[in-house]
Structures are given as structure tokens and as C-alpha cells.
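Heads up: the sequence lines are chains A and B, in that order. All residue numbers for the first sequence refer to the UniProt record's numbering, where the first residue is 1 and numbers rise by one. All residue numbers for the second sequence refer to the UniProt record's numbering, where the first residue is 1 and numbers rise by one.
FYI, nobody ran anything at the bench for these hints, they're computed from the structure. Possibly wrong hints are sitting among the right ones.
Derived DSBU-like pairs: lysine-lysine, alpha-carbon spacing no greater than 30 Å straight-line [said to hold, decoys possible]:
(1) B:107 - B:133
(2) B:60 - A:107
(3) B:171 - A:206
(4) B:112 - B:208
(5) A:118 - B:61
(6) B:107 - A:60
(7) B:118 - B:180
(8) A:206 - A:69
(9) B:171 - B:98
(10) B:107 - A:206
(11) B:118 - B:206
(12) A:69 - B:171
(13) A:74 - A:197
(14) A:206 - B:74
(15) A:118 - A:60
(16) B:118 - B:171
(17) A:61 - B:69
(18) A:60 - B:180
(19) A:133 - B:171
(20) A:107 - B:180
(21) B:61 - A:61
(22) A:98 - A:171
(23) B:180 - A:74
(24) B:60 - A:61
(25) A:171 - A:69
(26) A:197 - B:98
(27) B:69 - A:208
(28) B:118 - A:133
(29) B:180 - A:61
(30) A:206 - B:118
(31) B:69 - B:171
(32) A:74 - B:208
Number of protein chains: 2
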Amino acid sequence: MSTLTIHYPNGQHPHQSYHAQRDLPTPHQSIYAKRGMSLEDEINHSNQYYLSRHIAVIHKKPTPIQLVKVDYPKRSAAVIREAYFRRPSTTDYNGVYKGYYIDFDAKETRNKQSFPLKNFHPHQIHHMRECVKQGGICFAFIKFTELDLVYLLPASILFQYWDEQASGSRKSILLTDIQKAGFQIGYQLNPRLPYLKAVDQIIAAKNKGVYHVE
Amino acid sequence: MSTLTIHYPNGQHPHQSYHAQRDLPTPHQSIYAKRGMSLEDEINHSNQYYLSRHIAVIHKKPTPIQLVKVDYPKRSAAVIREAYFRRPSTTDYNGVYKGYYIDFDAKETRNKQSFPLKNFHPHQIHHMRECVKQGGICFAFIKFTELDLVYLLPASILFQYWDEQASGSRKSILLTDIQKAGFQIGYQLNPRLPYLKAVDQIIAAKNKGVYHVE
């Protein structure tokens, strides 16, 4: 487990209370900034917490690699000497929670007004659509890094903006729209991003038929 | 999709009908042998079939790599120059089918009498236990390569033998026991390994409470 020593009150977002003085680093902020924790790190830490508490089993998938040259030295481990990164054919995270298949991707933007849809690849959207058809729960984590705000956006909403974009609408989702349709995930100590609370709400809505499964 | 031209009658196992002459290659066998299709290939082809028919979304996870040195040449793709294979912390395959989280690993043995449990790493068993606790459906594919027989063994059965081994019992599962407790997956043209039929039976048994979820 992480041994972060940033003591935020549970569920409170670290920056919201001193938003006006954002340029004046507090001790908390500076520790945080030094760690340079990415959204991926934050999610991995949260998943580790959930796993250790038997709450959910959700992992990041390894990055796919195209191997070209591998050496097999005697008496030591195989060494990859030439390889290339491949584009993943799925999203980065999946797992199981309360019997539900969970599948999501995580994206960061430095924009402050909107999230550019080009952060998603068409195959990721396609993959999430297929998973939703199978009854999976899919969503996107979106972090506005300059604002230090993290949202969980249900896939159904993402698909809507994605399709509108294809028919000539705007190529980004306004932060204000994400705030309306998504769930803000406020930072905590442990788990850093308590996102399963939002997933509980998606499950409840799904079971009421609020989110369409196809 | 695979364009394999091996025309077995649906569901019939290619080798069973001429078991006594196994050393005399038939045209079917020799084509098959030339392809050298591993269990992994067979499962990947089957998953591709299921995906293309919108039946299930199940993927093999990439092999995790520890990067040591990556070059970023100008105007071309990043090149991994030194990296090592890491041991995966989960099983190799997961996905979603009919709303169920599916999670499994695939193992081959050249043995003809039994499957050695040392083919599994403790962390894989641990991972499957955690997934089962969350309501996931977990199992192992076991291929007896010399016999060309493939079985799907529910995780609950695997756990039982695993735990018995820990308390001094035999360190392998007899083929005859696998035949009793598992599902034989007979080869087909498409999908090569129609394993979701067996998963349907596991789901039915799970819903009747036959397999324990913890």
C-alpha cells in the first residue's frame, strides 16, 4: 500500500477549499506536486486498496509490446533487445466488482474548459460498446490536471458525445457538461480515488433501466 | 478471422476416432501439426470468433514487461532497447459474457496421465479466488498436448486440488478426475474451442448454487 502522508479529511478535495490561492503552494500541495502522481498512479493505488480489502479485483492491463529481438543469455533472464509499443485493442483497466464486469480507461487533459474527444481512439469506444452490450459497466476517468479535478463519466454519456462529434458537433465535451452528467471523484487518503461509490450509483441506475445497455 | 481449412464435423474431436493409430498422421493431423497451433492460439481464435459475433468480449492480456531502456529516435517510433519479462500478477484472460465477469488461465502439459499443479503459480490461484469472491466465473483450460485433449476445469475444483496438495495430497490432478469434474472442449472449425457452452453450464450451476462462490 501507498504510505502517502497527505492528511486530507475523507472525501474532501484538497484544492477546493483554497481555490482562490491556488498559486500559493500549501505544504500538502507541494508534497503532492513532488510526487507527481499521475491519474494512472492514483487509480492503481485505489485498485490496490480495493483489492487488499476484498472490495473489487480491478487491474491495469500491461502495455502491449511487439517483440523483435530477445536474447536468452545462459544462467540469466531473457533480455528484450528490440521491441516496440503497440496500440492496445481494448481499454486499460478491467475487473470485477459485486458480480459486475468493470471496464474503463483513464485520460488526462491540461485543458480547463473542455475534454477533447481525440483523447479516445475509435477502437476504445468500440471496445466499450461491445462490453456494454454484454452487460458490463464501462466508463471513463477524466482528469483536468490543471484544475486537479477528476470525473467518472459513464460510457453511455461518452458514446453520445462521440456520436454527435461524428455528425459534425463539437469535438470536445465541456467541463460543465461533464460536471452535470458525470460523477466528481474527490480525493481521499485511502483509496485516493473512491470511484466505486460512483460505480454503485451506475449499478443502481442500470438496474432501474436509466442507462441503456445497448 | 482464421481461415483454417480443417473440416471436422462440429464438436467432434479430431483424434478420438482414430486414437489407436495416433502415430500415423492423417491429412488433418499433418495440417494441424504444421500450423503448430498452441492452446493460446486456439483460445485467441475462439475469442476473436466470439467477439466478431458479439457473443462475448474476452481478451488475452499482454505480457507484462519491465522497461529499462527506451530510445526515442527523431521522426520514428520509440524503440525498447532493454526490457525484461515480468511474472503476471493475474491470469492471462478475462472479459465479459452475458453480464458475467470471466477470468481464466490456460495451461498445457505433455503428461498423459495427470496435470501437474506446479503449472499454476500461487498468485494465479489467489487471483482467481479473489475474482470468485466478487462473483466472477473462473476456470482453467488444461490441454494434454500429447493426447490433443482440452478440458475446462471450474476454479472451485482447481482450488480443491490445490488445497489438498498443500495438505500433503498428490501434486497433480489425474486426467480421469479432470474428465469427471471438468468439461471436455471438443475441437470445431469455428470457434476452434467452443468453450462458452461449458461456461453456460457453469453459469447454470452457479445460479442453482452448485458451485460455491467463496
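### Task
Find the hints from earlier in the document that the structure breaks and name them by number, from lowest to highest.
3, 4, 8, 9, 10, 12, 13, 14, 18, 19, 20, 22, 23, 25, 27, 28, 29, 30, 31 and 32
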